[in-house]
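Chemist: If you want the building blocks of each chain, they are given just below.
2 protein chains.
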Amino acid sequence: MTDEFVGRCRSIVGAPWVLADAPAMAPYLTDWRGRFTGRARAVLLPADTQEVAQLVAACAAARVPIVPQGGRTGLVLGSVPDASGEAVVLSLRRMNRILEVDPTNRTILVQAGAILQEIQDAASNAGLLFPLSLAAEGSCTIGGNLSTNAGGTAVLRYGNTRELCLGLEVVTPRGEVWDGLRALRKDNTGYALRELFVGAEGTLGIITAAVLKLYPQPKASTTALVAMDSPARALSLLSLMQDVCGPSLTAYELMSDFCLRLVAHHFPHLPRPFAATHAQYALLEVSSSESEEHAIRLLESGIEAALEGGLAIDAVVAMSTAQSGGLWQVREHISLAQAAAGKNIKHDVSLPISRIADFIATTDARLAEAFPGCQVVCFGHLGDGNLHYNVAPMEGVAHEAFLANQEAINRIVHDSVVAFDGSISAEHGIGALKVDDLKRYKDPVELNMMRAIKAALDPLGIMNPGKIL
Amino acid sequence: MTDEFVGRCRSIVGAPWVLADAPAMAPYLTDWRGRFTGRARAVLLPADTQEVAQLVAACAAARVPIVPQGGRTGLVLGSVPDASGEAVVLSLRRMNRILEVDPTNRTILVQAGAILQEIQDAASNAGLLFPLSLAAEGSCTIGGNLSTNAGGTAVLRYGNTRELCLGLEVVTPRGEVWDGLRALRKDNTGYALRELFVGAEGTLGIITAAVLKLYPQPKASTTALVAMDSPARALSLLSLMQDVCGPSLTAYELMSDFCLRLVAHHFPHLPRPFAATHAQYALLEVSSSESEEHAIRLLESGIEAALEGGLAIDAVVAMSTAQSGGLWQVREHISLAQAAAGKNIKHDVSLPISRIADFIATTDARLAEAFPGCQVVCFGHLGDGNLHYNVAPMEGVAHEAFLANQEAINRIVHDSVVAFDGSISAEHGIGALKVDDLKRYKDPVELNMMRAIKAALDPLGIMNPGKIL
Numbered sequence: 001m002t003d004e005f006v007g008r009c010r011s012i013v014g015a016p017w018v019l020a021d022a023p024a025m026a027p028y029l030t031d032w033r034g035r036f037t038g039r040a041r042a043v044l045l046p047a048d049t050q051e052v053a054q055l056v057a058a059c060a061a062a063r064v065p066i067v068p069q070g071g072r073t074g075l076v077l078g079s080v081p082d083a084s085g086e087a088v089v090l091s092l093r094r095m096n097r098i099l100e101v102d103p104t105n106r107t108i109l110v111q112a113g114a115i116l117q118e119i120q121d122a123a124s125n126a127g128l129l130f131p132l133s134l135a136a137e138g139s140c141t142i143g144g145n146l147s148t149n150a151g152g153t154a155v156l157r158y159g160n161t162r163e164l165c166l167g168l169e170v171v172t173p174r175g176e177v178w179d180g181l182r183a184l185r186k187d188n189t190g191y192a193l194r195e196l197f198v199g200a201e202g203t204l205g206i207i208t209a210a211v212l213k214l215y216p217q218p219k220a221s222t223t224a225l226v227a228m229d230s231p232a233r234a235l236s237l238l239s240l241m242q243d244v245c246g247p248s249l250t251a252y253e254l255m256s257d258f259c260l261r262l263v264a265h266h267f268p269h270l271p272r273p274f275a276a277t278h279a280q281y282a283l284l285e286v287s288s289s290e291s292e293e294h295a296i297r298l299l300e301s302g303i304e305a306a307l308e309g310g311l312a313i314d315a316v317v318a319m320s321t322a323q324s325g326g327l328w329q330v331r332e333h334i335s336l337a338q339a340a341a342g343k344n345i346k347h348d349v350s351l352p353i354s355r356i357a358d359f360i361a362t363t364d365a366r367l368a369e370a371f372p373g374c375q376v377v378c379f380g381h382l383g384d385g386n387l388h389y390n391v392a393p394m395e396g397v398a399h400e401a402f403l404a405n406q407e408a409i410n411r412i413v414h415d416s417v418v419a420f421d422g423s424i425s426a427e428h429g430i431g432a433l434k435v436d437d438l439k440r441y442k443d444p445v446e447l448n449m450m451r452a453i454k455a456a457l458d459p460l461g462i463m464n465p466g467k468i469l
Numbered sequence: 001m002t003d004e005f006v007g008r009c010r011s012i013v014g015a016p017w018v019l020a021d022a023p024a025m026a027p028y029l030t031d032w033r034g035r036f037t038g039r040a041r042a043v044l045l046p047a048d049t050q051e052v053a054q055l056v057a058a059c060a061a062a063r064v065p066i067v068p069q070g071g072r073t074g075l076v077l078g079s080v081p082d083a084s085g086e087a088v089v090l091s092l093r094r095m096n097r098i099l100e101v102d103p104t105n106r107t108i109l110v111q112a113g114a115i116l117q118e119i120q121d122a123a124s125n126a127g128l129l130f131p132l133s134l135a136a137e138g139s140c141t142i143g144g145n146l147s148t149n150a151g152g153t154a155v156l157r158y159g160n161t162r163e164l165c166l167g168l169e170v171v172t173p174r175g176e177v178w179d180g181l182r183a184l185r186k187d188n189t190g191y192a193l194r195e196l197f198v199g200a201e202g203t204l205g206i207i208t209a210a211v212l213k214l215y216p217q218p219k220a221s222t223t224a225l226v227a228m229d230s231p232a233r234a235l236s237l238l239s240l241m242q243d244v245c246g247p248s249l250t251a252y253e254l255m256s257d258f259c260l261r262l263v264a265h266h267f268p269h270l271p272r273p274f275a276a277t278h279a280q281y282a283l284l285e286v287s288s289s290e291s292e293e294h295a296i297r298l299l300e301s302g303i304e305a306a307l308e309g310g311l312a313i314d315a316v317v318a319m320s321t322a323q324s325g326g327l328w329q330v331r332e333h334i335s336l337a338q339a340a341a342g343k344n345i346k347h348d349v350s351l352p353i354s355r356i357a358d359f360i361a362t363t364d365a366r367l368a369e370a371f372p373g374c375q376v377v378c379f380g381h382l383g384d385g386n387l388h389y390n391v392a393p394m395e396g397v398a399h400e401a402f403l404a405n406q407e408a409i410n411r412i413v414h415d416s417v418v419a420f421d422g423s424i425s426a427e428h429g430i431g432a433l434k435v436d437d438l439k440r441y442k443d444p445v446e447l448n449m450m451r452a453i454k455a456a457l458d459p460l461g462i463m464n465p466g467k468i469l
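One line per chain: the protein sequences are A and B, in this order.
Residues in the first sequence are numbered from 1 upward in steps of one, following full-length UniProt numbering.
Residues in the second sequence are numbered from 1 upward in steps of one, following full-length UniProt numbering.
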């Protein structure tokens with residue numbers, strides 16, 4: 001399709017950077033898990049912030065909706081266009097530079113299209129740590145991480161992406177550039193606009209650059225796997241380890257026995273740390289700014305207390321980086337083992353940590369009543385109160401057929417989450433996938449404030465329409 | 001004044017809790033430093049959130065402006081009414097209860113009028129730490145701390161008040177109650193409204209309750225005072241200590257020689273750690289989740305490296321809690337020594353840490369040129385990039401007379417702050433005092449977004465008018 005609007009976009013970014021034919025656009029239109037393919041009027045690939053601003057102004061003038069896109073690794077359809085074909089996709093992938101590392105201020109300035117792993121590497125090359133880490137880090141962009149307030153495996157110690165961001169540059173829905181690229185630990189000069197754009201999933205403007213916090217690299221980390229007989233024990237062990245290790249406890253992941261059996265079945269080459277079977281396992285990581293011996297000593301002293309106090313049944317402490325890596329691989333292969341077993345019904349929920357054991361018991365029971373024999377694959381970042389609570393079919397039922405129960409199962413799980421004061425989206429966001437859930441569960445006072453803010457900042461409603469609200 | 005509106009308020013909260021005569025209202029109308037006294041139509045003292053909501057609805061109906069008030073310890077006139085006498089003061093001081101401590105989730109639920117020190121005590125009684133700590137902690141309320149995003153002495157390790165808050169209850173400018181009292185570490189379900197109310201200084205609604213994060217109590221802390229010959233060396237020492245101590249470095253405060261001499265002059269009973277005179281001093285605190293020996297060992301190993309590398313000239317490491325306390329007293333008496341010396345011109349600024357040495361040199365030189373002989377009292381939370389950069393008169397000039405230069409000196413200091421990419425309000429906020437400065441220095445794109453949000457959430461403009469915007 002060649003129209004006047006597309007011509008205007010070409011005059012801004014140059015003809016090669018406006019894709020308007022189907023084969024060229026295709027890679028930008030399908031979501032990461034391959035569940036949905038939308039349509040677009042064009043795909044725009046600006047080279048810098050000024051081009052983004054001019055494109056947005058052109059879209060505003062022509063009332064063309066804009067879907068901002070980073071690495072397209074989101075799990076809730078937040079970065080792909082709908083089926084109408086009215087929107088343009090604005091991809092930040094050409095704006096992928098690391099602009100500056102400031103080792104004394106411990107900050108890094110990056111463009112929004114920078115790949116997470118390249119930011120980690122740039123920090124590492126400066127002898128520092130950018131702690132955000134998640135499965136898609138080789139593909140996802142920091143603009144997407146910020147727009148979805150991504151979580152990952154380092155939240156317990158370093159917080160979500162929100163807590164790692166000091167400053168932003170944003171192109172507003174009018175096509176203005178807001179230079180909020182501050183590199184300050186303290187700044188109380190008005191409303192928290194930075195916080196508002198983080199997690200807004202591109203519905204309030206387009207993040208084009210960011211200043212991020214860096215940390216000293218720990219000298220060493222070590223890992224243990226601890227066997228316990230219940231989620232309640234896992235919660236007690238978490239408290240104990242936090243008291244013993246303080247900020248040195250950098251990860252605390254929960255896995256049920258079913259998760260470990262699934263991994264063992266599909267990936268038999270991975271370590272099987274225990275001969276006996278136990279109900280629950282916790283993967284613990286302790287990092288030290290001093291030495292490997294210090295990390296091991298801290299970890300062992302916590303685990304010894306847990307074994308003596310009867311909290312833990314058995315434990316394996318990694319004695320090398322290779323052993324640590326092996327234990328992490330078990331954790332990281334749960335999702336892959338699930339995928340190998342067939343499709344299942346996924347939930348990304350969070351709860352007050354103190355209510356997790358009751359949540360699991362109650363929700364397991366409700367599901368067993370409604371779908372006798374269904375299998376719960378429950379694991380997650382227990383230290384953050386974040387569970388991936390997934391449901392697979394009963395023995396002998398085809399996975400595809402079981403997906404017909406998705407809505408009923410979502411309702412059972414999310415009703416239970418809300419009853420236990422939890423969140424129906426811990427780290428993945430709302431996107432297009434959970435818009436109806438948000439309407440169902442969110443306090444109307446809160447929804448109305450969100451709508452008022454959306455209308456105030458994006459009065460034409462052109463920024464990522466149909467997402468979140 | 002008895003009018004229909006005041007009668008309506010009495011019917012909501014009971015007659016004793018609406019103050020309308022001058023002597024009863026007086027304690028609510030003057031700011032903490034005694035620089036300004038406003039007027040009010042009445043002072044309202046609700047007992048609970050429902051009463052707050054009904055009062056706000058009554059104010060909205062009658063178009064009466066509302067000044068929310070906590071402990072009234074703010075430094076920028078944010079919590080006192082203007083001189084018009086049109087507004088009511090709505091004090092949260094009766095809503096001062098600690099509602100619940102959840103030791104497993106490591107959270108505490110409090111009403112907005114709870115005194116900071118009482119929250120610290122409640123955490124401590126549960127064997128946990130609420131880390132927010134600042135000079136006014138015996139009087140200030142958590143609602144005020146949240147509304148101003150207070151800083152204090154624990155920011156380096158635990159962040160600002162923003163980072164310590166998980167959930168809020170807010171009465172909106174329409175008199176609705178938003179129940180956002182979530183106790184979750186992860187929640188990506190829409191816009192960051194919590195973040196927006198934190199630091200909004202009561203201009204978007206009234207915080208009535210909050211869920212706050214608690215931490216394990218460190219087993220021990222220890223302190224050192226290190227002498228150096230320049231701010232640049234103090235920055236290098238900060239990097240070194242962060243690398244050696246990681247998250248165990250819990251405070252890093254800078255003081256110039258002039259500050260120490262001022263304290264020694266006005267408080268001769270306090271410790272004078274060094275016989276010789278040095279240009280700059282850093283007060284370091286290291287906390288350990290293990291033992292006092294561990295804290296001392298970490299601190300000493302960092303300081304030894306600094307002495308060997310020529311970064312530091314001399315150092316005193318506290319060998320007891322009493323010695324630590326003595327060193328902190330020197331730091332905490334700088335403001336008192338200044339007050340004893342007479343009024344001076346204060347600035348609460350922040351900068352990228354890497355630019356602080358250049359900022360100090362440049363600003364000192366500009367002031368010396370404009371006001372030869374004037375004395376800079378520069379100290380602050382260097383680890384957060386936050387300086388209290390105050391200016392006192394030259395020898396022989398009366399302090400009161402020198403205040404006539406306030407505007408010119410503010411301009412020199414704040415122009416320099418902005419030139420070095422800093423903030424004109426690091427931890428105190430804008431209030432009524434810095435509204436003109438904000439207009440002068442803030443990006444118009446940012447100011448316009450702030451105004452749009454204010455108009456969207458408070459269309460009648462009744463919440464704390466004249467503050468921030």
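Any given hint might turn out to be false.
Chain copies aren't distinguished; within one or between two, either way the pair holds.
[Unchecked claim] Each computed SDA-like pair below joins lysine to any residue, with the alpha-carbon atoms no more than 25 angstroms apart:
| no. | residue 1 | residue 2 |
| --- | --- | --- |
| 1 | 442 | 398 |
| 2 | 439 | 157 |
| 3 | 343 | 135 |
| 4 | 219 | 120 |
| 5 | 219 | 293 |
| 6 | 219 | 308 |
| 7 | 346 | 362 |
| 8 | 219 | 86 |
Keep in mind the hints are simulated off the structure, nothing from the lab.
Chemist: With reference to the structure, classify each hint as holding or not holding.
Modeler: Status of each hint after checking the structure:
In this assembly of identical chains, residue 442 and residue 398 lie within 25 angstroms of each other by CA distance neither inside one copy nor across copies; the values are 34 angstroms within and 60 angstroms between. In this homomeric assembly, residue 439 and residue 157 never come within 25 angstroms of each other (Cα to Cα): the closest approach is 32 angstroms inside a single copy and 38 angstroms across copies. Within a single copy, residue 343 and residue 135 get their C-alpha atoms as close as 19 angstroms, which meets the 25 angstroms cut-off; across copies the closest is 57 angstroms, which misses it. Proximity of residue 219 and residue 120 under a CA criterion of 25 angstroms is satisfied intra-copy only: 16 angstroms inside one chain copy versus 33 angstroms between copies.
For a Cα distance limit of 25 angstroms, the shortest separation of residue 219 from residue 293 qualifies both inside one copy, at 10 angstroms, and across copies, at 20 angstroms. For the homomeric pair residue 219 and residue 308, the shortest alpha-carbon distance between copies (22 angstroms) is at most 25 angstroms, but the shortest distance inside one copy (29 angstroms) is not. In this assembly of identical chains, residue 346 and residue 362 lie within 25 angstroms of each other by CA distance solely inside one copy; the values are 18 angstroms within and 57 angstroms between copies. Neither within a single protomer nor between protomers do residue 219 and residue 86 lie at most 25 angstroms apart by alpha-carbon distance, with minima of 52 angstroms and 60 angstroms respectively.
Hints 1, 2 and 8, counting from the list given before, are not met by this structure.
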